[in-house]
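Peer 1: Heads up: the sequence lines are chains A and B, in that order. Going by this note's numbering, the first residue of the first sequence is number 27, and it counts up by one from there. Going by this note's numbering, the first residue of the second sequence is number 603, and it counts up by one from there.
Worth flagging that the hints you see were computed from the coordinates, not collected in a lab. Remember, predicted model here, so these are calculated numbers, not experimental data. C-beta: ideal position from N, C-alpha, C; glycine also.
Below 30 Å or equal to it, Euclidean Cα-Cα: the simulated DSS-like pairs (lysine-lysine) are: (1) Lys92/A <-> Lys31/A; (2) Lys92/A <-> Lys848/B; (3) Lys31/A <-> Lys81/A; (4) Lys92/A <-> Lys81/A; (5) Lys783/B <-> Lys727/B; (6) Lys783/B <-> Lys848/B; (7) Lys81/A <-> Lys848/B; (8) Lys31/A <-> Lys848/B; (9) Lys783/B <-> Lys730/B.
Here chain A is said to cover these stretches of chain B; the calculated rule only asks that three of the stretch's residues, wherever they fall, bring their Cβ under 8 Å from a Cβ of chain A: (10) 769-781; (11) 841-851.
Partial selection, computed: residues in chain B whose CB lies under 7 Å from chain A: (12) Gly854; (13) Ala857; (14) Ala858.
Spelled out from the first residue to the last, the chains are:
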Amino acid sequence: MSETKIVDARGLSCPQPVILAQRAIEEGHFPIAVLVDTVTSRENVRRAAERAGLKVQVEAVGDEFKLTLTR
Amino acid sequence: MAPGALAQVLRPLLKNLEEEERIVVGLDTPDDAVVYRLENGTLLVVTADFFAPVVDDAYTYGAIAAANSISDVYAMGGIPFLALNLAAIPADMPPEIATEIFRGGMEKAREAGVIVAGGHTMADKEPKYGLAVIGTVAPERLLRKGGARPGERLVLTKPLGSGIITTAYRAGEASPEVLAKVVPWMLRLNRDAVAAVHATTARGATDITGFGLLGHAVEMAQASGLRLRFWADRIPVLPEARPLAKRWLFPGGTAANEMYYRQWVSIAPNISEDVAMLFYDAQTNGGILAAIPAAEMERFAAACNRLDQPFWEIGEVMEGGPGVEVV
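So that you can see chain A by itself, here it is in the shape it has in the complex (with noise of 0.2 Å):
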């Protein structure tokens, strides 16, 4: 298995988790594990990923969120 992208978007409002997340999947290198500290951006970044044909595992990390994304 191949190493996993990180994706820090904690901190961050839409659409800019969204855009990194856009960035990595550019980039073409899964697993990536998008970081976000809302549920607004959550929600936003796992829409963006399906829409982008990917499979979203959402994960709750304390009050923070891991998204991995695979192809």
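Chain B: place on chain A using the hints.
Peer 2: For chain B alone, coordinates are given in the frame of chain A:
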């Protein structure tokens, strides 16, 4: 604040206001401004709003923020006349920039016939600007979210898209040319839109701001105890917003609107999710959403025409459980 969170904060405070008989419109309804009856019967319309910059240009920012604050008086059917500045200015902001923000606000207010006679400014890291505004409204001209009646037509007086365009611009994902398409709409006063509504016997209206078209529509549906049906292909959206929506560059506020209000909204399955999300997009000084008696649509259209006020007929008010549907 997010829609659900704000309601939760205000709920414990409702009881204090119920006892005030002078409050004609208060916290117990989701209306755009407070309406207070003076001893002589005059109705005062009182509101306040301020926000962080939505554009780079200081003068334009001030003007948009002022137009947005004043809009809440228009949305209640009122005529604004007096305002106070509410501002936060960073300590390191050059004074001439701050002056431009206030100048933009005062000149926009003057366009609305409003005098800005004072205010309060504090220091903060991020600039904030807006107005506290007072107006009057004749009782028969009062427009409420709860004033919609079955059979009326829903009209909207500005296209949607200011939320996604301004935040995409700030994130470097939309060009200055794209931003320039939405600025004139954000600068436009809702005065003429409401004047056209007043050419009819309509009683139900609101302005579209932070909760987006569908959020404010839910408030209107619930306050009126009726169902609002929107025709998706008639809802105006700035063309520049559509590719940004396809890339899902929605602001957090838009996402929060959808998460909260979707429980009262049904969207036809043939409408793609990026288009539906635009209907939730948080607007800055958006248009007036009004319910116009069907038989008076011609009169409304003639008044809009006379005032050079665009409008779109986007739906209808129906009997049935309170809620919103998009078909």
